[in-house]
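Asker: Could you build the full structure based on these sequences and the hints that come with them?
Same order as they appear, the protein sequences are chains A and B. In terms of this note's numbering, the first sequence opens at residue 1072 and continues consecutively. In terms of this note's numbering, the second sequence opens at residue 47 and continues consecutively.
A couple of the hints might just be wrong.
What the hints assert, rightly or not - Only pairs whose alpha carbons sit at most 25 Å apart, straight line, appear in this in silico SDA-like list of lysine to any residue:
hint, chain 1, residue 1, chain 2, residue 2
1, A, K1142, B, Q87
2, A, K1139, B, L134
3, A, K1127, B, E150
4, B, K103, A, K1127
5, A, K1076, B, L134
6, A, K1142, B, G104
7, A, K1076, B, N105
8, A, K1076, B, G74
9, A, K1142, B, G86
10, B, K103, B, G74
11, B, K103, A, F1101
12, A, K1076, B, E150
These are calculated hints, taken from the structure and not from any lab test.
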Amino acid sequence: DQQVKQNSPSLSVQEGRISILNCDYTNSMFDYFLWYKKYPAEGPTFLISISSIKDKNEDGRFTVFLNKSAKHLSLHIVPSQPGDSAVYFCAAVVYSGGGADGLTFGKGTHLIIQP
Amino acid sequence: KAGVTQTPRYLIKTRGQQVTLSCSPISGHRSVSWYQQTPGQGLQFLFEYFSETQRNKGNFPGRFSGRQFSNSRSEMNVSTLELGDSALYLCASSHIPGGEANTEAFFGQGTRLTVV
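Answerer: Next up, the structure:
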């Protein structure tokens, strides 16, 4: 049972346009969400996060939106740049007892920025 | 400061063998988590260690185990290797478990394990 789903394995966007990556989750206990970016042969790097008490978090070109009622979050990249081409993982976590459990990841979306 | 270091980077083993992977977290980080990445399943949580104690465990068979040393370095072990264990194994370190500092975990480059 996949608790975090990224239904688009790949996404192609023209340079300068907006990239929108989507993520759905099923576990209503998740209370913190993160996006990681991964280049080939490298580990994932943290990009941006959002707490479940917020519906938007912005950091430069990156904005994450959270719709708790729909159990949906999205990452917007504006404007898209060639260096943004990578695999993007959505992740979620439940805080339990004295600390957080491990991150639950989606399967990733391969973003390709075309010149 | 130095990032998360995983060794070895690449490993080829045969079925039935066992393997030990190593992870050195960022200096000062006491929490180490392990993940398995495969094309079909994505990134899956294996287990987390903090102060030499396993705090959480994912849904993996007992062949997967780990430990953490007093210097926070961690090892994971897979016994009786199967072809399906071929994957990229990633280690992530964070300052403390719980709290926002933990969720922004820093990942190593991973160990690519191939079982033949």
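Asker: All the hints need checking, so say for each whether the structure fits it.
Answerer: Here is what the structure says about each hint:
1. K1142/A to Q87/B: holds (21 Å)
2. K1139/A to L134/B: violated (32 Å)
3. K1127/A to E150/B: Satisfied, since the Cα-Cα distance of roughly 17 Å is no more than 25 Å.
4. K103/B to K1127/A: violated (31 Å)
5. K1076/A to L134/B: holds (20 Å)
6. K1142/A to G104/B: holds (23 Å)
7. K1076/A to N105/B: holds (18 Å)
8. K1076/A to G74/B: violated (33 Å)
9. K1142/A to G86/B: holds (23 Å)
10. K103/B to G74/B: holds (23 Å)
11. K103/B to F1101/A: holds (17 Å)
12. K1076/A to E150/B: It holds: about 20 Å lies between the C-alpha atoms, which stays within 25 Å.
Violation of the numbered hints given earlier is confined to hints 2, 4, 8; the remaining hints are satisfied by the structure.
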